[in-house]
Amino acid sequence: MSITYEQGKKPHPNEHRLIFKNVDRRGWNPSIKRYLKEGGYEMLKKALRMDPKDVINEVKTSGLRGRGGAGFPTGIKWGFIPPDNTKPVYLICNCDESEPGTFKDRYIVHQDPHQLIEGMIISAHAVGAHTAYIYIREEFPEAAITLEKAIQEAQKNKFLGENILGSGFDLEIYVHRGAAAYICGEETGLIESLEGKRPYPRIKPPYFPAAIGLYMAPTIVNNVESLCHVVHIMRMGGDEYVKLGTPRNSGTRILCVSGDVKKPGYFEIEVGKITFRELLYDMCGGPKDGREFKAVIPGGSSSKILRCNETFKIGRGDDAKDLDFWDIPLDFDTLAAAGSMAGSGGVIVMDDSRRMSWVLNNITHFYAHESCGQCTPCREGSTWMKKVSDRIEGGTATPTDVDTLEQIAYQIDGKTVCAFGEASAWPVEAMIDKFRDELVGETSEDNDFKSKERIEQEKFLSSV
Amino acid sequence: MSSNPEIPEVPVDQNADDSKQPAPPAGGINTPLPRPVDRTAVEYLPPALSVLEQNIHSAKTPGEKFFPSFAVTEGLEEKANERIAQYPDDQKRSAVLPLLHEVQHRFGYISPESIDWVSDKLDIEPIKVVEVVTFYPGFRQKAPGKLHIRVCRTLSCAMGGSYELMDKLCEIARIDRNASDPHKDPIAVSPCGNYSVEFAECLASCGTAPVCLVNDDFHEDVTFDKAKELLNSYQNA
Ligand SMILES: Cc1cc2nc3c(=O)[nH]c(=O)nc-3n(C[C@H](O)[C@H](O)[C@H](O)COP(=O)(O)O)c2cc1C
Ligand code: SF4
Ligand code: FES
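Taken in order, these protein sequences are the chains called A and B. The first sequence begins at 1 in the numbering used here and counts up one residue at a time. The second sequence begins at 1 in the numbering used here and counts up one residue at a time.
Chain B extracted, bound-state conformation (with noise of 0.2 Å):
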């Protein structure tokens, strides 16, 4: 728990103050589970989420000002509407992944909101939403930088110079990625919110190493001293 600091107090005592108690929001995975009351625990350790509210949790962070938050807009429907046809009618729940990409497009992040969403939209329990949005790498849910660049750490990049890459973009973004755990939490946002990095796994493109994402381009032979081109080059964007 230690390792991340920004999950927001959630009240254990029943009898505690009630007015810095934030609503519960309405229906869904969000509702916070009755728990019983634990003195204790009150006492002596932390307050904490529930291990099921800890897994839909979005940690706030600087880059959050660059995504719009979650709403139902028609364009998503009809999207999601188009990805859903792409199954046998009686398999809805395969289209979660394609479901979550167009959130994760659209918003920058997976949200509790959203996961409500999806799950309602493919009639499946939320946590079957959740078990996915946990497993995969290529879901996250706290907004990410401006630029999400996630460098190449597999062999043939990390020959190539990849770690090196990555210090050299966290001195000029300033981001420091000990801050957290890169278990837990594998995307380190800048300060700024304009950037944030990932490690990535081989991203198939071994013979022109050291390789990154950022966002949806691909960039190749990007040695640590053409990181600052790098970023240079999305200064318009």
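This is chain A alone, in the form it adopts within the complex (with noise of 0.2 Å):
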């Protein structure tokens, strides 16, 4: 049966679709009725039948990475629950998605929940769980509804509840709903808030839930697209999805483009097939009219920002080669090694029309609002970027302010408690090595201003 999709909503022809096979396709709709149809629930009933550690291995073989932001191997991290445990295990599935740019688990969760609640059961029983929580962010109040929707359903045909489908395997799911704070995608902030607290972000180590997290247990925390992959990891095997994607990058992964783009949007691709210049010359049609691109974000607003006409030195040694920017292929090394990150797979792109002391503007503000304020050099630090790029912004700086922010930042990352320092630092201290004559260009030394205390300080401290 061939599948089409709603008007204008045709996947490119670059694209390979497993986890959005059923978004925007026609006749599709969240009931268990149609995806059952579909031969919906029958990698949970082979799941079943296997063996926990087999389960964990097929994972483990297909060599799939975390799709939350970090790119950690899922199957590895599941391996990391300490065998003499006699606590109960907890599955989180993280569905916080806030990551500035990111918009793919919105998708999933409105249009495809069903694909959702087997791949977190079929991870449950993988895992050793028997409850389960969906951490869903506020802002999708009709997704937190399907969900739930989809949860008694699942029940009702004996794929949740005790006794799943005879097994002997049990297994509750719950949604619990966040109150829009970013850092409550963080892991253990997510935890935190689970357990009815302010979300303030653990100290590390242990550096993985999945040794004490919550109510003390070890905890899985996976997000949305890493769990639906566990479900085509079953139907395909380990070994067919690791021939998906680039070697160490395997299966697909869901871009999603927002920003000067004709069309802007989600293309789900193999992993590392793709270059800049098919995603955004062919797949999203190019900037528009008369403009030229300029900079991307590559993987949601904390990931480091390119230029787009940037060269890479790529590999060590004697393997060391030139990349161009266009050429450099959407995987997690690959860009890695250019210096930023894969993360969340939000790409943004900006074309020649935007003032770089705009945008950082705005993303400065992003995390000045978001950091939960636990620990001194991201509160603080967040705060002041906030300022400094404040005055950057509204033309009332002094060049030296460019460096005073970049001395800010580079005073967070690497000393706080949770990655939000990397992330609240790196998109600055990128900007400002990447634009720094922009920057510098909108400042004016006439902008130096003395306060009355200065200019008493001031007698103090100069020479005799």
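Don't read these hints as lab results, they were simulated from the structure. You can take every hint at face value.
In the DSSO-like style, the derived pairs of lysine-lysine whose C-alpha atoms are separated by at most 27 Å in a straight line are: (1) 168(B) with 386(A); (2) 87(A) with 197(A); (3) 197(A) with 415(A); (4) 243(A) with 60(A); (5) 87(A) with 92(B); (6) 263(A) with 168(B); (7) 262(A) with 226(B); (8) 79(B) with 197(A); (9) 288(A) with 226(B); (10) 9(A) with 273(A); (11) 263(A) with 228(B); (12) 79(B) with 158(A); (13) 37(A) with 10(A); (14) 184(B) with 386(A); (15) 45(A) with 33(A); (16) 197(A) with 121(B); (17) 142(B) with 228(B); (18) 46(A) with 33(A); (19) 184(B) with 387(A); (20) 288(A) with 168(B); (21) 142(B) with 197(A); (22) 197(A) with 128(B); (23) 226(B) with 9(A); (24) 168(B) with 262(A); (25) 226(B) with 263(A); (26) 92(B) with 149(A); (27) 46(A) with 149(A); (28) 197(A) with 92(B); (29) 45(A) with 158(A); (30) 33(A) with 158(A); (31) 434(A) with 415(A); (32) 79(B) with 149(A); (33) 128(B) with 204(A); (34) 204(A) with 92(B); (35) 156(A) with 79(B); (36) 33(A) with 156(A); (37) 184(B) with 197(A); (38) 434(A) with 313(A).
Dock chain one against chain two, each of which comes alone in its own frame, and use the hints as you go.
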């Protein structure tokens, strides 16, 4: 049966749709009836007949790397649950999707909730969890209802509850709504939030909640997209799945393109098989009329910005080669080698009409608003970065303000409780690194302001 | 303090005219704490609420008329118990967010009374509810308008014109966003109480920027010239 899509929503020929197969599909709806008609929950039956260890091994073989941002291998993470554990194990689906530029989980939970639920049941079986939570951001009110309805449907069909399909495996899934705080996407912040507290991220180690997580018990946190991939790994087998994409970067992933392109949108591609040129020119229709591409943020606003006219040295020693920005394949490793990261797959594009000081200012406002305030470098630093970038954007800064801003950023990253510190500092560091001249060009020596106190101070500081 | 003129006066001087004092509400976090009398403060500073009182205070807004005042109904109890049952028996505190959502959904905002109710329901100190309410931008402590509009202000939407959309919405609804400090009080309500606006951070639909939420409805591609149309579509709601 051939699949047709809604008008104007047809996938681009470069796409390879697994996860998004049913998104924007004609005649599709989020009901279990529709999902079952398509062979839904067959992979659950298959997985329940397997030993949990074998399921984990399939996922390990598949090479699946987490799609939430860090790109950590999922199968390996699952293996971190202490073997001598006697506490209950929890599975949490991270549906906080709040990294600016990212909009993929949205379509899964609104249009294809059963794919996620099937993936969660298989994953829970693999890691031995009998309670699972979907932590969904508050700004998806409709999806929270859709998911709760889907869970009820799955219960009625004996895919959830006690003794699932006679296998002896029990599982309940609950939906837990957040309350509009970005930091709840960080997995330990999420866990604190789920425990009913302020979402202050926990001190590491332990580096993974798989050791100590929700209610101090082993907990696996995975992104929505990652959990959906598990269904396809079951269907294809790890050995087949790993052939998709490129070595060490297997499978498909969804790229979300927004900003200054003719046709923004979401594209599910084989990891590493598409370059920036193909993505932005072929799939997104190129720049808007009369414009040229200037800069791209490749993996959500926390990743480092890249200039479109840059050339990168990739590889070491004899293997080193020059790679033009446009030829960068969109995988985890090459983007890391180019000094940025694949992150959450949110590609934000800026053309030559954009002032970088304005872009920077928008980003610093985001991080100043969203810092949880728990540790000093991040709480104070994010606010200072906002204030200094306010001055640069507003044309009231001095050239040294750009240096000050850079110094603040470097005093945040690596010195904080959670990776939000890097997330807020990296964009600033990269922006100054790549566009220093443009930023300095908007400042003026004339803006130097001497307060009364400073004049008094200088009396004592001046050389005798 | 000066940024929030709506905070009512609270007597500081024990000898002041008793008839002006609001009756202290019974029990829980609403009971004003006894404070030492500071005569210099009475003379030179405006009377103020304690920090704790400020944190639970609900300012009056023109939107109030659209929401019932907090009351524990059977429906609320039932829903709350259902939510509490989602968590292990010894982890009731996990239900703080779900319970607060139930309250805000029914009554528009989190009032001091509802904080007491949630803390009673979960057997935790009221301060543990307050710390959650005051942290999360998703909870508000005063009534919004009948239509609460959250416009995404993050990068892709800003490039798509979401600040212009916000300006247009404010113009139509006669809202002055500069009247209060957006950090302390991000929600601005129109004088008629029909509308309120607030900036939101990335709503995860950057490809269809600019986007906004009107109550629980999501709208995409709302360029500023569609602002009027957007509000009109709710005319009969
Ligand atoms: C500041 C911050 C925000 C994050 N936000 C999200 C998010 O919105 N969604 C998400 O899935 N992961 C987010 N993460 C990553 C999670 O901490 C975690 O690594 C991820 O959920 C693991 O899932 P995965 O292995 O399937 O990728 C965030 C991390 C940080 C440091
Ligand atoms: S780095 Fe920032 S967000 Fe993370 S714990 Fe510290 S203050 Fe909170
Ligand atoms: S920037 Fe507005 S939805 Fe992401």
